[in-house]
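Please take these sequences and the hints and turn them into a complete structure.
Now for the letters of each chain:
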Amino acid sequence: MSFNRTEVRWRERLRHPLWLLCALLALVPTADAQITIRITRSSESAQPVAVVPFAGSADLPVDLADIVAADLERSGVFKPMPVTEMPDRPSEFSAIKFEDWRRLNMDSLVIGSIATTAPDRYEISFRVVNVIQGNQIAGYRMPATAANLRHTAHRIADVVFEQLTGKKGAFATRIAYVTVDRDNGVKRYRLLVADIDGANARTLLESPQPIMSPDWAPDGERIAYVSFENRNSAIYVQDVPTGNRQVVASGEGINSSPAFSPDGRRLAMTLSRDGNPEIYVRDLDSGQLQRLTADPAIDTEASWSPDGRRLAFTSDRGGGPQIYLMDYPSGQVRRVTFDKGSYNARPRFAPDGDMLALVHQNDGGYRIAVLGLKDDSFRILSNSKLDESPSFAPNGQMILYATDGVLGTELAAVSVNGRVRQRLAVPYGEVREPAWGPFRE
Amino acid sequence: MKAMHKFGFGVLLLAGLVALAGCGSSAKKTTGAVVEDRSISRDEMNDIDGQRATTQGIRDADAAGTTMLDGESDGSLSVRTIYFEYDSSNIREEYRRVVEAHANALASRPSQVITLEGHADERGSREYNLALGERRAQAVRRQMVLLGAAAGQIRVVSFGEERPANDGSNEEAYALNRRVEIKY
Numbered sequence: 008m009s010f011n012r013t014e015v016r017w018r019e020r021l022r023h024p025l026w027l028l029c030a031l032l033a034l035v036p037t038a039d040a041q042i043t044i045r046i047t048r049s050s051e052s053a054q055p056v057a058v059v060p061f062a063g064s065a066d067l068p069v070d071l072a073d074i075v076a077a078d079l080e081r082s083g084v085f086k087p088m089p090v091t092e093m094p095d096r097p098s099e100f101s102a103i104k105f106e107d108w109r110r111l112n113m114d115s116l117v118i119g120s121i122a123t124t125a126p127d128r129y130e131i132s133f134r135v136v137n138v139i140q141g142n143q144i145a146g147y148r149m150p151a152t153a154a155n156l157r158h159t160a161h162r163i164a165d166v167v168f169e170q171l172t173g174k175k176g177a178f179a180t181r182i183a184y185v186t187v188d189r190d191n192g193v194k195r196y197r198l199l200v201a202d203i204d205g206a207n208a209r210t211l212l213e214s215p216q217p218i219m220s221p222d223w224a225p226d227g228e229r230i231a232y233v234s235f236e237n238r239n240s241a242i243y244v245q246d247v248p249t250g251n252r253q254v255v256a257s258g259e260g261i262n263s264s265p266a267f268s269p270d271g272r273r274l275a276m277t278l279s280r281d282g283n284p285e286i287y288v289r290d291l292d293s294g295q296l297q298r299l300t301a302d303p304a305i306d307t308e309a310s311w312s313p314d315g316r317r318l319a320f321t322s323d324r325g326g327g328p329q330i331y332l333m334d335y336p337s338g339q340v341r342r343v344t345f346d347k348g349s350y351n352a353r354p355r356f357a358p359d360g361d362m363l364a365l366v367h368q369n370d371g372g373y374r375i376a377v378l379g380l381k382d383d384s385f386r387i388l389s390n391s392k393l394d395e396s397p398s399f400a401p402n403g404q405m406i407l408y409a410t411d412g413v414l415g416t417e418l419a420a421v422s423v424n425g426r427v428r429q430r431l432a433v434p435y436g437e438v439r440e441p442a443w444g445p446f447r448e
Numbered sequence: 190m191k192a193m194h195k196f197g198f199g200v201l202l203l204a205g206l207v208a209l210a211g212c213g214s215s216a217k218k219t220t221g222a223v224v225e226d227r228s229i230s231r232d233e234m235n236d237i238d239g240q241r242a243t244t245q246g247i248r249d250a251d252a253a254g255t256t257m258l259d260g261e262s263d264g265s266l267s268v269r270t271i272y273f274e275y276d277s278s279n280i281r282e283e284y285r286r287v288v289e290a291h292a293n294a295l296a297s298r299p300s301q302v303i304t305l306e307g308h309a310d311e312r313g314s315r316e317y318n319l320a321l322g323e324r325r326a327q328a329v330r331r332q333m334v335l336l337g338a339a340a341g342q343i344r345v346v347s348f349g350e351e352r353p354a355n356d357g358s359n360e361e362a363y364a365l366n367r368r369v370e371i372k373y
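Residue numbers (my numbering), protein chains in the order written: chain A, 8 to 448; chain B, 190 to 373.
You may find that some hints are simply not true.
[Unchecked claim] Just so you have them, the derived chain B footprint on chain A, three or more residues with Cβ under 8 Å:
hint : segment
1    : 214-222
2    : 260-270
3    : 348-357
[Said to hold, decoys possible] Residues on chain A that point at chain B, a partial pick, calculated with CB under 8 Å:
hint : residue
4    : N239
5    : S279
6    : T307
7    : T321
8    : P328
9    : L332
10   : V366
11   : Y373
12   : L393
13   : S396
[As the list claims (entries may be wrong)] Capping the alpha-carbon separation at 25 Å, the derived lysine to any residue pairs in SDA-like fashion look like this:
hint : chain 1 : residue 1 : chain 2 : residue 2
14   : A       : K194      : B       : G357
15   : B       : K372      : A       : E228
16   : A       : K392      : B       : N355
17   : A       : K392      : B       : E360
18   : B       : K372      : A       : D281
19   : A       : K392      : B       : I303
20   : A       : K392      : B       : K372
21   : A       : K347      : B       : N355
22   : A       : K392      : B       : Y363
23   : A       : K175      : B       : E361
24   : B       : K372      : A       : R195
25   : A       : K194      : B       : S358
26   : A       : K392      : B       : N293
27   : A       : K104      : A       : S50
28   : A       : K392      : B       : Y284
29   : B       : K372      : A       : G282
30   : A       : K392      : B       : E289
31   : B       : K372      : A       : N283
32   : A       : K194      : B       : G337
33   : B       : K372      : A       : S214
34   : A       : K194      : B       : E361
35   : A       : K392      : B       : E274
Read the hints as simulated data drawn from the structure, not as lab findings.
Every residue, glycine too, gets a C-beta built ideally from N, C-alpha and C.
As structure tokens, this is what we get:
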């Protein structure tokens, strides 16, 4: 398949009225597919913090402080104080009565205010305050519009998180996931993108045939995925803001496991066009296709290291599925899972490049585990029977994955240290194959 | 088992006709759909009838297909699903005759093209299961080619664990889902 043909197909699609409908659908939030999040396990060492309602926010459609507090709580690192228990609601540093807060064993405060600068335009000022020392850690001013207020709240949470922990926050990011529901017994598959708290869920693709393996481009503007809409697996790359898409691989056999390179210019993928599932890399600019593996076994599920110089993948060349690392582009391969049971698959590199998340079979169940590449450390992080599809937060603090829930598959998140767990579910149907998007600038 | 297949075939024939009759007014199916899908698929027909484990559809209802079924004395040709053990693509002894019957049918009708759909159960990772499903379908294809079918007559598609015949999460469901469906 050449890229010229792809372009022709794309022009054909543009002419089709359904395609216009698709573009419109991409802009319509689908509240019914919105995820709700339940924290199932908090860290015992969660730090107290009080996010005081921002002055001037009473008339706003969203409660900024509430969103910030919810983000911090979901991280598992913080235990926000309920607004009703706050002794006071200061919005200026000078108005803080430190004695009152210290008496309540409060460590940190977030205070702020919102000014309306023009219709639907705001300026948000906020401060992060150390209650124990009685000083300001950081103060910021952020412009916002009515349309991006929620996003701005997540960015505030990112700043607070970084100021208080030294680690970058990942609240202003998005996730992609696949939902499945039944309409009169017929399954409907949807690929959605939502904010990390489940808000602003939007449908990118809807199909009567399965959708799988979403993967974000590092720019957060494109998503690659596998769709069976033409009765065989095919890889597409879709532009998130416009809904436009291209077929990247639709040949004979399997077309699966797309993985953007860290520079976003190449796509690793699994194709069986030569008779057996092998890993290939396509240069998205030139269309050039390079085959990376040549083994009669299954080679699939490639994940790039953050520096783009290695690929982790699953292969059963040793008899059962295990994880291998390939130097790119030299192609040299070594196995990395030894003495870790009979089933290890679907590796994903941590953002620091030193760790892999993977699916590990243990006691008859399939669990999410992390493998340290430098020290061979191994930790099983999940405890259900059918856990799969691990995806790292861009700050490396949490892993999102799919697990078995009451209504079928739902999503869960676990901190890399195993101390914090959450469940994410849609009101009906199944939700699966989460992919945590990159940082947004 | 044999009787069930025949029963399923009849019911699906009916379902196919019902689906065809509704074709002209089936615009609701595509309303709001992103993916263009003008034809009603065999799978959807199966869905309509709730007979997902049986794998025949409207395209089997032509005269040629009926002749083939009648021409096979032991009914092996009417078996359209081959089941597999966990993590295995070995064709079990009980399916040898089935594969042989289909290979013979292909050999005697060089213009006939079939699709082998490989499937896996839901355990383990999805992309790896997609590869497992293909491996199963390829195993059946190789066997058919050895028995006289031409390679070009057999198309292989894998759905991995994405299209289970049974939505359950138990051994019984898994056994029904590890399969290759033979589609004429």
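Hints, one by one, checked against the model:
no.	hint	verdict
1	214-222	holds (count 6)
2	260-270	holds (count 4)
3	348-357	holds (count 3)
4	N239	holds (5 Å)
5	S279	holds (6 Å)
6	T307	holds (5 Å)
7	T321	holds (6 Å)
8	P328	holds (6 Å)
9	L332	violated (17 Å)
10	V366	holds (5 Å)
11	Y373	holds (6 Å)
12	L393	holds (7 Å)
13	S396	holds (7 Å)
14	K194/A / G357/B	holds (15 Å)
15	K372/B / E228/A	violated (39 Å)
16	K392/A / N355/B	holds (18 Å)
17	K392/A / E360/B	holds (13 Å)
18	K372/B / D281/A	holds (23 Å)
19	K392/A / I303/B	violated (37 Å)
20	K392/A / K372/B	violated (33 Å)
21	K347/A / N355/B	violated (31 Å)
22	K392/A / Y363/B	holds (14 Å)
23	K175/A / E361/B	violated (47 Å)
24	K372/B / R195/A	holds (23 Å)
25	K194/A / S358/B	holds (17 Å)
26	K392/A / N293/B	violated (43 Å)
27	K104/A / S50/A	violated (29 Å)
28	K392/A / Y284/B	violated (31 Å)
29	K372/B / G282/A	holds (20 Å)
30	K392/A / E289/B	violated (38 Å)
31	K372/B / N283/A	holds (22 Å)
32	K194/A / G337/B	violated (38 Å)
33	K372/B / S214/A	holds (22 Å)
34	K194/A / E361/B	holds (22 Å)
35	K392/A / E274/B	holds (20 Å)
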